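Dock chain B against the given chain A, drawing on the hints supplied.
Number of protein chains: 2
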Amino acid sequence: MKQNVVIVGAVALGPKAACRFKRLSPEATVTMIDQSDLISYGGCGIPYFVSGDVSDAGQLQSTSFHMLRDAKFFKNAKDIDVLTHVRAVSINRSRKELHVRHVINGKEQTLPYDRLVLATGSRPKRLPIPGVDLDGVFTLSDLGGAVAIKEVVAGGKVEKAVIIGGGAIGLEMAEALADLWGIETSVVEIADQILPGIVSPVVARMGQHQMEENGIAIYLKEEVRRLEGDGRVERVVTNQRTLEANLVIMAVGVSPNADLARDAGLDVSSAGAIVVNEKMQTSDPDIFAGGDCVEIMDLVTGKPASFPSGSLANRQGRVIGTNLADGNAAFEGAVGTFVIKLFDISVASAGLSLQKARSHGFDALSVFVVQFDRAHFYPEKELVYLELVVEKGTGRVLGVHGLGGMNSGLFARVSAVAAVLRYRPTTADISNLELPYAPPFSSAMDVLNALGNTAENTLRGKNRVIDADQFADWWMKREKGDTLFLDCRGWGNAEEFVKKYPRDWKSIPQDELTARMAEVPRDKRLVLICNTGVRSYEAQITLDQMGIHDAYNLQGGVAAIKKWGLDLLPSDVSNNG
Amino acid sequence: MKQNVVIVGAVALGPKAACRFKRLSPEATVTMIDQSDLISYGGCGIPYFVSGDVSDAGQLQSTSFHMLRDAKFFKNAKDIDVLTHVRAVSINRSRKELHVRHVINGKEQTLPYDRLVLATGSRPKRLPIPGVDLDGVFTLSDLGGAVAIKEVVAGGKVEKAVIIGGGAIGLEMAEALADLWGIETSVVEIADQILPGIVSPVVARMGQHQMEENGIAIYLKEEVRRLEGDGRVERVVTNQRTLEANLVIMAVGVSPNADLARDAGLDVSSAGAIVVNEKMQTSDPDIFAGGDCVEIMDLVTGKPASFPSGSLANRQGRVIGTNLADGNAAFEGAVGTFVIKLFDISVASAGLSLQKARSHGFDALSVFVVQFDRAHFYPEKELVYLELVVEKGTGRVLGVHGLGGMNSGLFARVSAVAAVLRYRPTTADISNLELPYAPPFSSAMDVLNALGNTAENTLRGKNRVIDADQFADWWMKREKGDTLFLDCRGWGNAEEFVKKYPRDWKSIPQDELTARMAEVPRDKRLVLICNTGVRSYEAQITLDQMGIHDAYNLQGGVAAIKKWGLDLLPSDVSNNG
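Protein chains in written order, with my numbering: chain A, 1 to 577; chain B, 578 to 1154.
In isolation and in its complexed conformation, chain A is listed as follows (with noise of 0.2 Å):
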């Protein structure tokens, strides 16, 4: 029987379902509709459009081998009807019809189908305060909006811009803007972090640093109460402060796009997202969908969730196309995983962070390490910073996140992980995790088993960590005189923090501290310091050997509080250039 298949919404699932069904069955009829039409485009590439790193809107709808993919190429390369311009108004269920209507000319169609796949995306959220509606406040919707913006930006009238929203889609923003556009550009974030909900606060704060390096302001714990101008927006009133602009783009999170489905009677969540099996069937079997509308299921938690991602998406494309040629894929779900360029560095996370994990229930910790990607001999190297999730008790390992420079393999490690995750790793399968090995590439301990072993440390109660965040508070405290920083390297590390800080801190390194234990104050807090935590560890053993337990090792050692952005030796920073 040859199938006639409806599919509303030609982004990144709906061609993907379309493309994979026509090759398994080349006989069966597709028709695909948009409500614009620019379609089967690349949304990540958004920000890169915008900053200019992609010249042309058209390069983010075109193959890989420069085919423009519209309406034409469907039909000739793929056989597939594209109908742009037109939006999905209702679905007949009963009579397994779709009903449209002609978004320039108010046309209305109906549109019969055997199997209807459901990709209509998500939209972003608007704040509803007062001022949204002037002109030069933008969401990130679509493609078009995006070349609105660009051309606001082109013309050269953008001086200030505010982003609103510290998550991925704000900071890839904040960064397009500034970096090439040279505009003064600010964060306002209602959370006390940026990337809230994706990173560790220690891990965000590192990426915040770097954020305000270049030039980026970033406002945490404020909210935007009203955007002001005279017809066209000149200023963001926070609860804080009032910030000119003459652009202003939200990026506050996403809804999905449900609405037709909530009226055709299928099933929707509580958080408005289409419900489907792992077939990427709703409700009614004949109808798949997914991509940004739907939940799916989250495989650490094991309760489902929104993820929304052009990347989950095309797979979950690939697996409605499968079935709707009568195949059998299943879409088990996802880990949730993320990265992002800010700049010269890169962030990314596989699973939970901590304050995720324990918002679902678990029992967690995390520990934090930093070392050298490739093999410390080796010329060409850089730090990767990286923080594991895992929860007691059962030390299984609940999520991973990290920040590196661009090449410092961070991906490689937070892929590995997130390949691993649905498995139920602990912390000893990531001691013993196997990566490819030689010094161009990795160390023969890689950081990812540093970071298993330390975590099992952690877990078994034999290395008592504080994180840079911990230290900055008790280092701006250290007034009181009750802690004493205990640098565990050579003198030729240590001997300037001392000169410069002769009270709070003091040089015993990690191979003397043995001999010269008489000089530790059992009196204090000892905090252990090297260059990023490995002699720290070595010594607080030592330390717990001679009946003194006040001792914490720094996590990342100096390398990390550098990276947060707590310079003990500023001087230092201007001899350095």
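Source of the hints: derived by calculation from the structure; they are not laboratory data. The structure displayed is predicted, hence computed values, not measured ones. Worth double-checking, as some hints may not be accurate.
As the list claims (entries may be wrong) - One side only, chain B facing chain A, incomplete, derived with CB under 7 Å:
1) Asp630
2) Gln636
3) Leu660
4) Gly879
5) Ala882
6) Arg892
7) Val912
8) Thr914
9) Ser992
10) Leu1010
11) Ala1021
Every residue, glycine too, gets a C-beta built ideally from N, C-alpha and C.
Quick look at chain B alone, frame taken from chain A:
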């Protein structure tokens, strides 16, 4: 009870086991012996020391914080006694004593132990041919040997070098000699490809092409018969030719050092490696062993195997250290991973190659995909060439390997598959493998996902493929006139090929194929060609629909045959520089 542990071998596993154990049991005594005084070094860094990337041997022997890991360091920083220039002679298991001999003065000594660790490593094989004892003939046995090679090379007397063996160490040494020192270097390999047993012939051919482009001569299927010279080596004589050489390095594999264990009555495998359980205990529970001298479980084949690797040795060392302290750590095995830098490209693998899979009795096939590492619209990107080995019937993934630039993310893709191989993934798991996605790092449908998709299509007979080897064979025989090379790209790409090979090369762009079906000959075998294999796959489906089945998709397209070294438009190359 204060435990007394003796460790034989102080390069990789020995020091790791010792340090881990001492951190867990600071009160214990540990004595580590080694026949050299060069201990605790990164052996995999030797090629980079010889090349000059690592300036002196001490760097390979230093911590990341630049402390030399010599006997004094182990005493002061770790409270571990190291006896250098001491060889183990025999084990008296009933008395729990190790008999040792001081290499320099011949003195014998008995070391009592509660538990013993054998970290005796491996030794390089030496070919049983005349001339192996000539001056200037080396194996890479240890850091001492590397120092000797570098002295010869730095002396400026070496004009021509021959490497015997085209495995990892042979190729790394070839690059080291040729790149920095400008030595005319040849590699002689007895197999019909470089990296035999690790990657497929096609990927090997691409790596070979890279080496040859960088001036290394590679002779395959040649057996070295003898080395000639008067005291000092002057010539290498193979069954095909005579090569002049002032320096010869034999890199033909390693054998485990298991004599000490065998003589003590411990279980040794037929392959000559010490047998251990998951706790890394030998058949005597008080004697542990690990690293190059043991066999561990191959988690893909389910059979014990040797995986000589400094990286695995380190992880096994930690497991032994934990168990010495009455912990309960396990080393479950390895899937086998590999990565190498060849000038400015990288080659990596995890699990089994097709040849190896078949030799283990798997009914397997492999598929090959070429795709950009990052979003194709992102300006900075590189092609990744990946091959997936899968079992027919089950669709189980047995291995992955490939080739890419140094920043192509090849390492990340192979690492992700390496991480999951032990969980017996199927092609569907690779199709849906979740890598973090953002345009500067990956594609929405990543090359790894495309690889899983292609494998599934090929297993189901939807994609009839040929590789670059097969293409080259048919191309060479094109005079027979039985094959038409059908270019599915746009005319702009195809034009030059059609003009140069009017009889054999025909252009029908994939999106015009249905309309121009009458032009397709039905009496010839068709080879379908595009840039990377995507459009040619679509064309194959269209041809299938029209009843034309004698058509084969060139996997990886023109990108693959170019990388392979087959240049069909050589004038182009000179035009481009």
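Verification of the hints:
1. Asp630: Result: holds, 6 Å to nearest chain A Cβ.
2. Gln636: With a minimum Cβ separation of about 4 Å from chain A (threshold 7 Å), the hint on B:Gln636 holds.
3. Leu660: violated, 20 Å
4. Gly879: Because about 16 Å separates B:Gly879 from the closest Cβ in chain A, which is outside the 7 Å limit, the hint is violated.
5. Ala882: violated, 14 Å
6. Arg892: holds, 5 Å
7. Val912: OK, holds: B:Val912 within 7 Å of chain A, min 6 Å.
8. Thr914: holds, 4 Å
9. Ser992: Holds - the Cβ of B:Ser992 comes within 7 Å of chain A, reaching about 5 Å at its closest.
10. Leu1010: holds, 6 Å
11. Ala1021: holds, 5 Å
Going through the hint list in order, the structure does not satisfy hints 3, 4 and 5.
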